[in-house]
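Chemist: Sequence:
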Amino acid sequence: MNFLTAFPDEETLLKNASRKVYDLNGHIHTPFSFSAFDSIPQIFAMAKEENIRAVGINDFIVTDGHKPFHDAAVGSNVFPLFNIEFMGLLKEEQANGIRVNDPNNPGRTYFSGKGLDFPSNPDASTAELLKSVKDESNKQTEQMVEKLNAFMKEIDAPFGFSYQEIKDKYAEDLVRERHIAKALREMVFATFESDQGRRDMLVKIFYGKPVESPLDDTNSLDNEIRGKLLKSGGKAFVPESDAAFWEISKVMDVIINMGGIPCYPVLLDDKNGNCTEFEGDFEKLRDTLKAKNIFSIELIPGRNDLHILKKFVQVFHEDGFVITLGTEHNTPELIPLKVDTRGHIDLDDDLKEISYLGACVIAAHQYLRAKGEEGYIDAKGNAKRDQIEDFRTLGAAVFNHYFSN
90 MNFLTAFPDE
100 ETLLKNASRK
110 VYDLNGHIHT
120 PFSFSAFDSI
130 PQIFAMAKEE
140 NIRAVGINDF
150 IVTDGHKPFH
160 DAAVGSNVFP
170 LFNIEFMGLL
180 KEEQANGIRV
190 NDPNNPGRTY
200 FSGKGLDFPS
210 NPDASTAELL
220 KSVKDESNKQ
230 TEQMVEKLNA
240 FMKEIDAPFG
250 FSYQEIKDKY
260 AEDLVRERHI
270 AKALREMVFA
280 TFESDQGRRD
290 MLVKIFYGKP
300 VESPLDDTNS
310 LDNEIRGKLL
320 KSGGKAFVPE
330 SDAAFWEISK
340 VMDVIINMGG
350 IPCYPVLLDD
360 KNGNCTEFEG
370 DFEKLRDTLK
380 AKNIFSIELI
390 PGRNDLHILK
400 KFVQVFHEDG
410 FVITLGTEHN
420 TPELIPLKVD
430 TRGHIDLDDD
440 LKEISYLGAC
450 VIAAHQYLRA
460 KGEEGYIDAK
470 GNAKRDQIED
480 FRTLGAAVFN
490 HYFSN
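Counting in this note's numbering, the sequence shown runs from 90 upward without gaps.
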């Protein structure tokens, strides 16, 4: 049962509606997709240690982790935000070679849903769609494992593994490329005790090319394995099925059916200060999203320059967008839950407040939905932009009540 169902009525809550800005993290992945975390309890142990008061689960295409996430959050007095992430497609941008928020694949669009209903209870049609996209994803990774094993035999590697072994050891019900890369790296390290033996084996795996990553940097090494073997041109590459990529309008319909708020994840600037063609003009991006009925965005500031981030966020905040910030934790590197910007430069007070206000809207939305009422998104999928201050106030009251108990 959702803890919010036991909360007082709205009038009672609003008596404690002062806005105290809490540190939070609106976007992390868990072991139910792929994650730096070994377990969900580890997430909340870190949250307590770092005084992170709210955390948003944001796994790819599954809500399997929502129940253990809910229970661990409540047990830790950390507020849970229930989200999901999809990989979709903007076909016009794809046809025109325009990169959206995937820097390597024109048209491919990561897209999130915020504040989903908990427990998740999609209608039969939506449930079937979710199952089909998960099955397509797992089918692709299973084919990758088969190709990888064939390549291991080709180079006389003294090991191999099955899809089921990887799933049992590293994943829950969704197997990702990163699981395969981690499994291969660990197999190399378990088979060869010396650094030279490990390096020699990796050189064979990399078609005779030198290993670029330090052997003690598991994040870089996994990314190198993934890039050289599992991406386009690699020996174990398997192209994704078109069935795994929905049009963004379809993704939005699924999110709304699940009780969520459609949200565009912004990539923003790379280390050279460059943005994708879709995101380079901030005002144009804002207007494009508004035309698509999208009024919520999220960012992972650890990959962005503080000054570019502030300029970008201000454009959207002034127009009343719901904005949240997170860390993702979708690589093997276990970084802190605290959200900061590139180079570990802290968020300033304005950015912390904007992220908190965005989380307030999501918290209010979750509260109202748990009470059987309409949230920030109406029955037609429209955001109640004229009521955003009311939702911020209600969400602040929801947080205050939660943390006072």
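Hints in this document: simulated from the structure, not taken from any laboratory. Small disclaimer: the values here were computed from a predicted structure and weren't measured. Ideal placement from N, C-alpha and C gives every residue a C-beta, glycine not left out. Where hints are given, some of them may not hold.
Listed next, the in silico DSBU-like pairs over lysine-lysine satisfying Cα-Cα at most 35 angstroms (straight line) [as the list claims (entries may be wrong)]: (1) Lys236 to Lys360; (2) Lys258 to Lys381; (3) Lys180 to Lys339; (4) Lys109 to Lys469; (5) Lys223 to Lys256; (6) Lys137 to Lys258.
Pairwise CB distance ranges (calculated) [unchecked claim]: (7) Glu225 to Lys104: 32 to 40 angstroms; (8) Glu301 to Ala134: 28 to 36 angstroms; (9) Asn194 to Lys156: 48 to 56 angstroms; (10) Leu103 to Asp439: 35 to 43 angstroms; (11) Lys242 to Ile397: 44 to 52 angstroms; (12) Asn382 to Ser493: 35 to 43 angstroms; (13) Ser214 to Thr377: 24 to 32 angstroms.
Chemist: Are the hints correct? Go through all of them and say.
Modeler: Hints versus structure:
1. Among the hinted pairs, Lys236 with Lys360 is consistent with the structure: their alpha-carbon atoms are about 34 angstroms apart, no more than 35 angstroms.
2. Taking the CA atoms of Lys258 and Lys381, the gap is near 41 angstroms; set against the 35 angstroms cutoff, the hint is violated.
3. For the proposed pair Lys180 and Lys339, the alpha carbon gap of about 12 angstroms is at most 35 angstroms, so the pair holds.
4. Simply put, Lys109 and Lys469 have alpha-carbon atoms about 32 angstroms apart, close enough for the 35 angstroms limit, and the pair holds.
5. Between Lys223 and Lys256, the direct Cα distance comes to roughly 14 angstroms. Compliance with the 35 angstroms bound is thereby established for this hinted pair.
6. Taking the CA atoms of Lys137 and Lys258, the gap is about 28 angstroms. The hint holds against a cut of 35 angstroms.
7. Roughly 49 angstroms separates the CB atoms of Glu225 and Lys104, a value that falls outside the hinted 32 to 40 angstroms.
8. Restraint check, Glu301 to Ala134: a C-beta distance of roughly 34 angstroms satisfies the suggested window 28 to 36 angstroms.
9. Range check, Asn194 to Lys156: Cβ separation about 33 angstroms, and the 48 to 56 angstroms hint is violated.
10. The hint said 35 to 43 angstroms for the Cβ distance between Leu103 and Asp439, and at roughly 25 angstroms that hint is violated.
11. Checked against the given bound of 44 to 52 angstroms, the beta carbons of Lys242 and Ile397, roughly 48 angstroms apart, stay inside it.
12. Checked against the given bound of 35 to 43 angstroms, the beta carbons of Asn382 and Ser493, roughly 36 angstroms apart, stay inside it.
13. Checked against the hint of 24 to 32 angstroms, the pair Ser214 and Thr377 passes, with Cβ atoms roughly 28 angstroms apart.
Consistency with the previously given hints fails for numbers 2, 7, 9, 10, ordered from lowest to highest.
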